[in-house]
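Each protein sequence line maps, in turn, to chains S and G.
Take 1 as the starting number for the first sequence in this note's numbering and just add one per residue.
Take 1 as the starting number for the second sequence in this note's numbering and just add one per residue.
Among the hints, a few may not be true.
Under the rule of at most 35 Å between Cα atoms (straight-line distance), these lysine-lysine pairs were calculated in the DSBU-like manner [what the hints assert, rightly or not]:
#1 K196(S) <-> K290(S)
#2 K195(G) <-> K318(S)
#3 K16(S) <-> K104(G)
#4 K191(S) <-> K13(S)
#5 K104(G) <-> K195(G)
#6 K281(S) <-> K220(G)
#7 K16(S) <-> K50(S)
#8 K243(G) <-> K196(S)
#9 K213(S) <-> K224(G)
#10 K196(S) <-> K318(S)
#11 K2(G) <-> K110(S)
#12 K16(S) <-> K296(S)
Under 8 Å between C-beta atoms, here's a sample of chain G residues computed to sit facing chain S [to be verified]:
#13 V164
#14 A213
#15 F214
The hints are simulated quantities; they were obtained by calculation from the structure and are not laboratory data.
These figures come from a predicted structure and were not determined experimentally.
The C-beta atom is built at its ideal place from N, Cα and C for all residues, glycine as well.
Below, each chain spelled out in residue letters.
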Amino acid sequence: MSILVYAETWDGKFKKPSFEAMTYAFELAKTANDTVTAVVIGPASEDELKRAGEYGCSKVLHANDSKFVSFCPSAYTAVLADCATSENAKTIVFSQTYSGKSVAPRLAAKLKAGLVSGAISLPSSSEPFVVRKKCFSGKGFTDVQVSSDIKIIAVFPNAHHIAANSVSVTIQTINPAIADALFNTKVNEVKKTSGKIVLTEAEIVVSAGRGMKGPENWGMIEELADALGAATACSKPVADMGWRPHHEHVGQTGITISPNLYIAIGISGAIQHLAGISSSKVIVAINSDKEAPFFKIADYGIVGDAFQIVPKLTEAVKQLKSSH
Amino acid sequence: MKFLVCISHVPDTTTRITFTPDGKAFNTAGVQFIINPYDEMALTRALELKETLGGTVTIINVGPLATEPTLRKALAIGADEAIRINAEPTDALFVAEEIAVIAKNEKFDIVFGGRESIDYNGAQVMGMIAEFMEIPSVVIATKLDVVGTTATLEREIDGGKEIVSVNLPFVVSAQKDFAEPRIPNMRGIMSARIKSLKVVEPTNTLKPTSSVAFQTPPPKSECKMISPEHPEELIQLLHTEAKII
Numbered sequence: 001m002s003i004l005v006y007a008e009t010w011d012g013k014f015k016k017p018s019f020e021a022m023t024y025a026f027e028l029a030k031t032a033n034d035t036v037t038a039v040v041i042g043p044a045s046e047d048e049l050k051r052a053g054e055y056g057c058s059k060v061l062h063a064n065d066s067k068f069v070s071f072c073p074s075a076y077t078a079v080l081a082d083c084a085t086s087e088n089a090k091t092i093v094f095s096q097t098y099s100g101k102s103v104a105p106r107l108a109a110k111l112k113a114g115l116v117s118g119a120i121s122l123p124s125s126s127e128p129f130v131v132r133k134k135c136f137s138g139k140g141f142t143d144v145q146v147s148s149d150i151k152i153i154a155v156f157p158n159a160h161h162i163a164a165n166s167v168s169v170t171i172q173t174i175n176p177a178i179a180d181a182l183f184n185t186k187v188n189e190v191k192k193t194s195g196k197i198v199l200t201e202a203e204i205v206v207s208a209g210r211g212m213k214g215p216e217n218w219g220m221i222e223e224l225a226d227a228l229g230a231a232t233a234c235s236k237p238v239a240d241m242g243w244r245p246h247h248e249h250v251g252q253t254g255i256t257i258s259p260n261l262y263i264a265i266g267i268s269g270a271i272q273h274l275a276g277i278s279s280s281k282v283i284v285a286i287n288s289d290k291e292a293p294f295f296k297i298a299d300y301g302i303v304g305d306a307f308q309i310v311p312k313l314t315e316a317v318k319q320l321k322s323s324h
Numbered sequence: 001m002k003f004l005v006c007i008s009h010v011p012d013t014t015t016r017i018t019f020t021p022d023g024k025a026f027n028t029a030g031v032q033f034i035i036n037p038y039d040e041m042a043l044t045r046a047l048e049l050k051e052t053l054g055g056t057v058t059i060i061n062v063g064p065l066a067t068e069p070t071l072r073k074a075l076a077i078g079a080d081e082a083i084r085i086n087a088e089p090t091d092a093l094f095v096a097e098e099i100a101v102i103a104k105n106e107k108f109d110i111v112f113g114g115r116e117s118i119d120y121n122g123a124q125v126m127g128m129i130a131e132f133m134e135i136p137s138v139v140i141a142t143k144l145d146v147v148g149t150t151a152t153l154e155r156e157i158d159g160g161k162e163i164v165s166v167n168l169p170f171v172v173s174a175q176k177d178f179a180e181p182r183i184p185n186m187r188g189i190m191s192a193r194i195k196s197l198k199v200v201e202p203t204n205t206l207k208p209t210s211s212v213a214f215q216t217p218p219p220k221s222e223c224k225m226i227s228p229e230h231p232e233e234l235i236q237l238l239h240t241e242a243k244i245i
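Please model the complete structure; the sequences and the hints are all you need to start from.
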């Protein structure tokens with residue numbers, strides 16, 4: 001018996017959330033005296049696959065056939081179901097990424113397994129099996145009890161730490177017989193947002209709102225983000241007005257993130273916005289209105305003119321980084 | 001063409017979320033319910049496709065009697081008929097299996113839904129429906145066009161977008177940009193009252209998950225204010241006190 005982890009790759013390299021999922025699986029396996037098997041679908045070098053051993057995976061099952069090069073939820077589900085059977089896995093760990101959201105629910109239906117999506121901590125008990133997740137878009141938490149024989153957990157990105165747990169790892173190439181009919185999604189094109197930090201994976205996020213007065217003023221936001229190694233985000237009105245692309249919109253109807261540091265500039269802090277970022281570890285609010293709701297949930301605040309403050313912050317970050 | 005749109009009945013986005021004193025349930029007292037915003041985008045795109053390709057738009061919901069005003073609103077926006085499966089939607093697999101049985105029997109061409117509901121944030125049901133029906137699923141889609149029996153979609157992936165094509169029938173879940181929601185007009189509201197809303201009883205029993213406890217996030221400690229004259233102090237505090245940069 002082992003715990004299975006779906007280790008996603010991007011351009012042949014493990015994604016950051018995959019290491020979070022591996023660490024989660026390893027910590028879970030330790031309490032149950034189990035081992036962790038990673039499933040990798042699509043191209044990856046042997047050197048890269050071996051890295052799974054540094055994060056606690058004793059075995060890697062690699063489905064490397066050329067037909068797995070492009071992502072297809074039905075076929076990937078079938079591969080994972082096959083591995084779950086061959087490994088007799090009772091717990092399967094995903095990361096709640098876009099790919100995770102494509103595959104985990106299908107696998108749950110196929111295996112008649114209970115799925116906890118967006119888990120934020122290890123199970124609080126194994127009998128009954130209870131895992132905590134966020135609900136109401138970050139306005140609450142719920143403890144989900146899973147009663148099925150097989151249990152699937154999709155871990156919220158950035159919610160679980162990454163830890164090195166070096167074990168000896170064996171790599172096994174697999175070629176499961178997947179019916180041609182399951183390759184039913186044709187990927188015509190992949191458009192990468194090149195050179196940018198993926199918002200959902202970012203440890204630091206610099207976000208700005210209507211207080212910036214217009215899209216032409218975003219240069220200083222990007223400069224601060226670059227200095228911090230941060231991703232950029234925005235509020236809903238800003239995305240709705242077309243100042244920034246929709247994929248940057250965080251909040252209840254945008255995306256929910258939980259970075260280590262969230263810096264909100266010129267965002268008043270409507271309840272829908274706060275829902276999307278409230279589980280950030282440290283929150284900074286910068287706003288000219290001292291009554292802005294954001295200050296009620298922020299850890300640090302500055303009341304003042306963003307146009308004066310932001311460039312000074314960028315300067316201070318650069319100085320700090322150059323002195324270390 | 002036959003379009004099916006899954007509708008969740010969720011608290012309005014401005015709701016202050018509270019739970020019952022025993023922490024076992026969401027406190028619905030005084031809460032305004034709406035169509036899940038992503039489901040509404042899905043519904044709008046289904047209506048647009050119906051207008052160009054012809055066909056019918058059916059909405060479906062797993063929920064108790066209390067969800068009917070929300071379904072009437074979806075009918076007012078333009079759906080042709082509604083189905084309510086009379087059960088509490090406490091488990092995603094249960095909800096998905098109920099919908100999949102109907103979608104398969106009645107041979108729907110496209111099953112639409114939102115990318116997740118804003119109450120339980122599961123993002124599970126649409127993928128599960130597809131697996132039960134053994135058809136393709138494209139989740140978190142920002143665009144959908146249909147030509148003949150083939151659909152082309154754009155969907156979000158980590159760090160970019162993907163353009164995919166699938167054959168009908170398939171399942172799609174909507175992300176922002178999928179369609180611009182419509183406001184129902186008076187004619188729509190009037191006609192919604194007389195449109196068919198069929199109530200059926202559930203046929204499946206498998207419910208592998210349940211929410212056993214709820215909690216609101218712990219209150220935040222006081223916000224530490226920094227002088228706008230010396231913003232560099234913020235960076236120092238983030239470095240030495242919060243230790244995150």
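Now for the hints, and whether the structure bears them out:
no., hint, in the structure
1, K196(S) <-> K290(S), "holds, 32 Å"
2, K195(G) <-> K318(S), "violated, 63 Å"
3, K16(S) <-> K104(G), "violated, 38 Å"
4, K191(S) <-> K13(S), "holds, 18 Å"
5, K104(G) <-> K195(G), "holds, 23 Å"
6, K281(S) <-> K220(G), "holds, 11 Å"
7, K16(S) <-> K50(S), "holds, 15 Å"
8, K243(G) <-> K196(S), "holds, 24 Å"
9, K213(S) <-> K224(G), "holds, 26 Å"
10, K196(S) <-> K318(S), "holds, 19 Å"
11, K2(G) <-> K110(S), "holds, 26 Å"
12, K16(S) <-> K296(S), "holds, 32 Å"
13, V164, "holds, 5 Å"
14, A213, "holds, 4 Å"
15, F214, "holds, 5 Å"
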